[in-house]
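Knowing the structure of chain H, use the given hints to seat chains D, P and A with the ligands on it.
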Amino acid sequence: MAERSLPSPDVAREWLETMTLIRRFEERAGEMYAKAKVGGFLHLAIGEEATIVGSVRALRDQDYLISTYRSHGHALARGTEPEKVMAELFGKEDGVCRGRGGSMHMFDLPRRFMGGYGIVGGNLPLAAGMALTSDYLGTQDATLCQFGDGASNQGTFGETLNLAALWRLPVVFMVTNNQFGMGTSLERHSAVTDLFKRGEGYGVPGMRCDGMDVMDTHHTTQEALRQAREERRPVLVEAITYRFRGHSMADPEEYRTKEQVAQWRARDPLTTFGDRLVTEGVLTEPQREEIDRVANETVDAAVQFAEDSPFPPPESLYDDVYVLGDQVQGWYSIDERAAGVHKGEDEREWA
Amino acid sequence: MAERSLPSPDVAREWLETMTLIRRFEERAGEMYAKAKVGGFLHLAIGEEATIVGSVRALRDQDYLISTYRSHGHALARGTEPEKVMAELFGKEDGVCRGRGGSMHMFDLPRRFMGGYGIVGGNLPLAAGMALTSDYLGTQDATLCQFGDGASNQGTFGETLNLAALWRLPVVFMVTNNQFGMGTSLERHSAVTDLFKRGEGYGVPGMRCDGMDVMDTHHTTQEALRQAREERRPVLVEAITYRFRGHSMADPEEYRTKEQVAQWRARDPLTTFGDRLVTEGVLTEPQREEIDRVANETVDAAVQFAEDSPFPPPESLYDDVYVLGDQVQGWYSIDERAAGVHKGEDEREWA
Amino acid sequence: MRYREALNAALREEMTRDETVFLMGEDIGVFQGAFKVTAGLLEEFGDKRVRDTPISENTIVGMGVGAAMTGLRPVVELMTINFSLLAMDQIVNHAAHIRYMFGGQVKVPLVVRMPQGAGHQLGPTHSHSWEALFLQVPGLLVAVPSTPADAKGLLKAAIRDDNPVVFIEHEYLYGQRGDVPDDADHVQRFGQAAIRREGTDVTIVGISRQAVTAQRAADQLAAEHDVEAEVIDPRTLRPLDLDTILASVRRTNRCIVVEEGWPHGGVGANLAALVQEQAFDHLDAPVGRVTGADLPMPYSKPLEEIAYPHEPQVVQAVLATFRDV
Amino acid sequence: MRYREALNAALREEMTRDETVFLMGEDIGVFQGAFKVTAGLLEEFGDKRVRDTPISENTIVGMGVGAAMTGLRPVVELMTINFSLLAMDQIVNHAAHIRYMFGGQVKVPLVVRMPQGAGHQLGPTHSHSWEALFLQVPGLLVAVPSTPADAKGLLKAAIRDDNPVVFIEHEYLYGQRGDVPDDADHVQRFGQAAIRREGTDVTIVGISRQAVTAQRAADQLAAEHDVEAEVIDPRTLRPLDLDTILASVRRTNRCIVVEEGWPHGGVGANLAALVQEQAFDHLDAPVGRVTGADLPMPYSKPLEEIAYPHEPQVVQAVLATFRDV
Ligand SMILES: Cc1ncc(C[n+]2csc(CCOP(=O)(O)OP(=O)(O)O)c2C)c(N)n1
Ligand SMILES: Cc1ncc(C[n+]2csc(CCOP(=O)(O)OP(=O)(O)O)c2C)c(N)n1
Ligand SMILES: [Mg+2]
Ligand SMILES: [Mg+2]
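Chains as they are written, first to last, in numbering that gives the first Met the number 0: chain H, 0 to 350; chain D, 0 to 350; chain P, 0 to 324; chain A, 0 to 324.
Isolated chain H, as found in the complex (with noise of 0.2 Å):
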């Protein structure tokens, strides 16, 4: 592929500060998941920064983000609050959803971040659904899908793409191949490698894109979002990379070679990036490792932040289960633990 040229100087900086300060998130969040002050799974993109920050910036403020259970570099490259995001990780009160959902469920309504989902597949028709909407109202906002190489073989990729299609909404479904769905590698779970082909069937054009080259990574989705946009109909892309971490934290990861890793890590986008920043003069060494050293600080004040915050109180257990209202006041439950919900429960007062 021929070499991108670089965006303007403070974009060219911004990218790579971004880029950054996710790597720097994803690596401390594991160290705290090591600690044991994270729980559940945690989905780390190390190795697929490009991808994730070369894709959302080629976004408009008003457009739709949507992403699955590896989103916490999407959610920070949306603009959330790495604070919130890692008192999300901590289970507190603060985290962007109050701790409700972890790592693998993060969501910021304001930047239109709509969410991280934990079931492969289910987030597409979400997607098609936003974007529906931006036609229904009439706007110029697109929404953009990011997804796995794994999920491409999800029914819910088939029967998406060909309503989006053929109702001809505004959205991009971007591929994020990384090689592997969880130990599988593409070509033992996909019969067709060449993903960006997959949406022909359904109408939906196809482009690639090198993943660990952020610009390369932009130039292709700020294409795609203009042509779902303007011309009114969705595009397929596909992103080349490699998620250097193993799928979640507990992985021993038998399913690839050592070399193939390191092959894969002589290409860190980070480094790659920075390198040529430097070489074309528009960072020195001092203000890259400034950057680096900026991203630390709001990690760790991202980290202090979290300890910080409280947990959800108990009695906040049923909050947003329902929207309360006239119709829905409580509702019968058998559950000692439903403040309120005991209607009719009177005669067991002694219980």
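Heads up, a few of these hints could be off.
Unchecked claim - Result set (PhoX-like, lysine-lysine): computed pairs, CA atoms no more than 25 Å apart in a straight line:
no.	chain 1	residue 1	chain 2	residue 2
1	D	Lys196	H	Lys196
2	A	Lys47	A	Lys106
3	A	Lys300	H	Lys36
4	P	Lys300	D	Lys34
5	P	Lys35	P	Lys47
6	P	Lys35	D	Lys257
7	P	Lys106	P	Lys47
8	H	Lys34	A	Lys47
9	D	Lys34	P	Lys47
10	A	Lys35	H	Lys34
11	P	Lys300	D	Lys36
12	A	Lys35	A	Lys47
13	A	Lys106	H	Lys257
Claimed, not checked - A few chain H positions that, by computed beta-carbon distances, are all more than 10 Å from chain A:
no.	residue
14	Glu30
15	Met31
16	Gly39
17	Gly78
18	Arg99
19	Thr192
20	Thr270
21	Thr271
These aren't lab readings, by the way, just hints derived from the structure by calculation. Only a predicted model underlies this, so the values are computations on that prediction, with no experimental measurement involved. Built from N, CA and C at the ideal position, the CB exists for glycine as well.
Using the frame of chain H, we list chains D, P and A with the ligands on its own:
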């Protein structure tokens, strides 16, 4: 498409006989439905006989055939006794499925007609599973899976084609494109209307045939089955056809014009094929009429048989819910109808 | 007005009232709906607001969720409840969970309509009654209207509510007639059971179409057995108006639940558990259940007839509660 | 031997015993299984019999059904029960219905394995306990093993049975140890409840992992409250050994059901309904239920902790049944 030459006279005659039997059988089934002898939904394939007979005749006895809720023709073509099919429509004990399944759920194990299924798209995974058995046991059997244009929009389509290609399964997916999914025309439900191309993104090559031409359908299906059998890979065949009747018996058909129906009826496969057999001297007019007479006689007998067959006795209600045995001797039910499954209800002797 | 027409009127009124309300589903437009509930709406509102979809249940429900999260009020029709299993993931893991798992940042004002029920010889795979599957799910509202008036009032309430609603209609009821308030502002709010018939001897709770069976059985009990049954139709299962049921049982001391679905883990099981928990000392007999048979619905008419509840079974179950007195 | 290893042994033994038994699932081969239940089997039996699949739940279950109809004995692993909703149509409308709707012409000897449960902070969408969804479905067998011995014995029985089986494991139990008969012919047949602890004062029925919680609670009740509880683990919910439960309740006159799933329409509701129907005159208190909270499972540790049953709640529920004496 270049006109295909006729098969041997005996074969050609048998094809016309079978197409005629299916036509007369379904016309009568419709009458019986009007007389309330048949209940539920009745989906007739009138107009699609060439697609049915052409494809089913390309099968070997040991091959598996699986279809949809529109499958009277597939059962008859496979050799299922017309009287047992009619008795099933009547809901009688002598029906192929003892009256349990009805029109939408035909099945004939000895003939490897693996069933009609009511859930659109539900039979594709089953077909791949049957092909997996052939592969696993190392047989030369292939599976032919029939479904409609509308079904190609279900998630199971993409999931199954990918798996079948990935595992190189001997299965032919045949999409009977009769131009409509219920009242929704092809171009209103599929962004890409060349359905045979829809498998390419999953590694499944496509072929198309004239579903109104029994010879072309047979030729194409046979080649597809050969590839599946010998080259061990799935093939997608699209048969272009048309249903002359409504989707089911209750269909005002407001979604299409009388003209369109008339144009397709002008290509009635029974007429065109019959005419050709006469023109090419395979049949004399009297012989052709004889075929019709015999078909009608067979259907008369089938109706008589269905009439005479008893309804399933109430005591048989719970037959075959489970394979009973050491593990399942019966099971708890609060259900007064469930003979022998009331263990433990002794306290309600009075009930 | 017929049940079918009442639903149609509710859709028309709410679409007129609120521009963000729109319909999606298989054959709801050009075909006018498999059961004609949406008849005329495409013509009246156009194809932007009445959208025919391909056969892709999981995705059309999921698109409804996405549209609801971003400001619209989608009403998705699943042609029948039998196909809802294909959309279960979007209904449960997405529609029902999204608000909670994102800490209340977003709401999902989605209505998923679907008819259920046996009686038309549609056989296995096409005769299910699954209110019991959906009532389990926190985050959902579940309606089971049994009259034209409730069909209209509850559907209007469902569309205006900010929670995801599984709205269960019944194929047999579509053709039934009843009075319907034509006041466009009349809504029937969820969580209010209806007492269909007052009585002192036994409480019969009927679900969906079985609320009708229960009333017929009650008339028969009065006429032939001198038993005055109180018939309650909960109307909605989430939220559930247990108060009304308990108040009745505390007067009658007997309770029978009638439903069309499978016996194990059904609505009857749930109510039996709740009633014996809350009104234990008031019960003179076990809470009885009359349910569909524990099997896939057979196609053959005589088998189908005995495989789901009819008046005689309800009468028998009620009389059984008196045998031990 | 650990629960995980017991399952692994059952698979190995049955695959050795019967050539037609094979495994399909996501990451069960090269990755050795998300929970390592299938560890080593790919190496031992090869990729014809241990098949990694793409992420296509509905289709891999459906392929299992098709393979089972034509002579094989597939054991399909769904990585977790949370993804089973995507396969619901194939499990219910196909696996469970096919034999009946085709008049008994064919059988479906399929096993679908899936682990459930909360406790690892997997949050909403990943912490479900759904035995109550599957127990509703006629045509299925449903197992909920709580010990390594049962995990092995029941899985072997499931694989040998000719009916479709939903085999529900528990994520918490995988690491638990217990004695396991290494006799390759030992199978634990379905429909036989286990009495985990004998007692005279109250019957506690524990489902899946909650059978373990129930035993711990029983020990606490004996030590601190002088209450001797009988603890019953049904082992399978279809078929259900109600006889053993009823016999116990008729002696203890009190019953508490402990489950991890949602309260409405749960296993507890079903058992409460059956027990009060069958042993009404023997009950001195309402059948009590201890269940998971009526909400999507929150991620935050302190909230998750109180959102599913632990010993104190079981103890409290048991003591409550004595308050009215
Ligand atoms: C429906 C469903 N099936 C299985 C899983 C378990 N699972 C979580 S991530 C994953 C792999 C997904 O791979 P891919 O789509 O390539 O995304 P990646 O993890 O590589 O970012 C699997 C199988 C799930 N979460 N949802
Ligand atoms: C999952 C599912 N959704 C909807 C239906 C209702 N339905 C029955 S047939 C049909 C149309 C199918 O069209 P197509 O696949 O083209 O087959 P055809 O009827 O034309 O033979 C629909 C929507 C169904 N049976 N199953
Ligand atoms: Mg991947
Ligand atoms: Mg069609």
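Going through the hints against the structure:
1. With a CA separation close to 12 Å, the supplied pair D:Lys196 and H:Lys196 stays within the 25 Å bound.
2. Note on A:Lys47 and A:Lys106: the hinted pairing holds, with a Cα-Cα distance of about 23 Å set against a maximum of 25 Å.
3. A threshold of 25 Å between alpha carbons decides the hint, and for A:Lys300 with H:Lys36 the separation of about 10 Å falls inside it, so the pair holds.
4. A distance of roughly 15 Å separates the Cα atoms of P:Lys300 and D:Lys34; the hinted pair therefore holds under the 25 Å criterion.
5. Restraint check for P:Lys35 and P:Lys47: satisfied, since their Cα atoms lie roughly 19 Å apart, inside the 25 Å limit.
6. Annotation: proposed proximity of P:Lys35 to D:Lys257 holds, straight-line Cα distance about 22 Å (limit 25 Å).
7. Taking the CA atoms of P:Lys106 and P:Lys47, the gap is about 23 Å. The hint holds against a cut of 25 Å.
8. Restraint check: the Cα-Cα separation between H:Lys34 and A:Lys47 comes to about 41 Å, which exceeds 25 Å; the hinted pair is violated.
9. Note on D:Lys34 and P:Lys47: the hinted pairing is violated, with a Cα-Cα distance of about 41 Å set against a maximum of 25 Å.
10. Restraint check for A:Lys35 and H:Lys34: satisfied, since their Cα atoms lie roughly 24 Å apart, inside the 25 Å limit.
11. Annotation: proposed proximity of P:Lys300 to D:Lys36 holds, straight-line Cα distance about 10 Å (limit 25 Å).
12. Between A:Lys35 and A:Lys47 the CA atoms are separated by roughly 19 Å; this keeps the pair inside 25 Å, and the hint holds.
13. The straight-line distance between the Cα atoms of A:Lys106 and H:Lys257 is roughly 47 Å, outside the 25 Å bound, and the hint therefore fails.
14. The claim that H:Glu30 is not at the interface with chain A holds, since no C-beta of that chain comes within 10 Å of its own (minimum 17 Å).
15. Against chain A, the non-interface label of H:Met31 holds: every CB pair exceeds 10 Å, the least being about 13 Å.
16. With a closest Cβ-Cβ approach of about 4 Å to chain A, H:Gly39 is found to fall inside the 10 Å limit, against its non-interface label.
17. The beta carbon of H:Gly78 is kept farther than 10 Å from every beta carbon of chain A, the shortest such distance being approximately 22 Å.
18. Interface exclusion of H:Arg99 from chain A breaks down, the closest Cβ pair being 5 Å apart, not more than 10 Å.
19. H:Thr192, annotated as away from the interface, keeps every beta carbon of chain A farther than 10 Å; the closest lies near 12 Å.
20. Consistency note on H:Thr270: stated as away from chain A, and its beta-carbon is indeed over 10 Å from all of that chain's, at 29 Å minimum.
21. The claim that H:Thr271 lies off the interface holds: its Cβ sits roughly 30 Å from the closest Cβ of chain A, which is beyond the 10 Å cut-off.
In summary, the structure is inconsistent with hints 8, 9, 13, 16 and 18 from the numbered list given earlier, while agreeing with the others.
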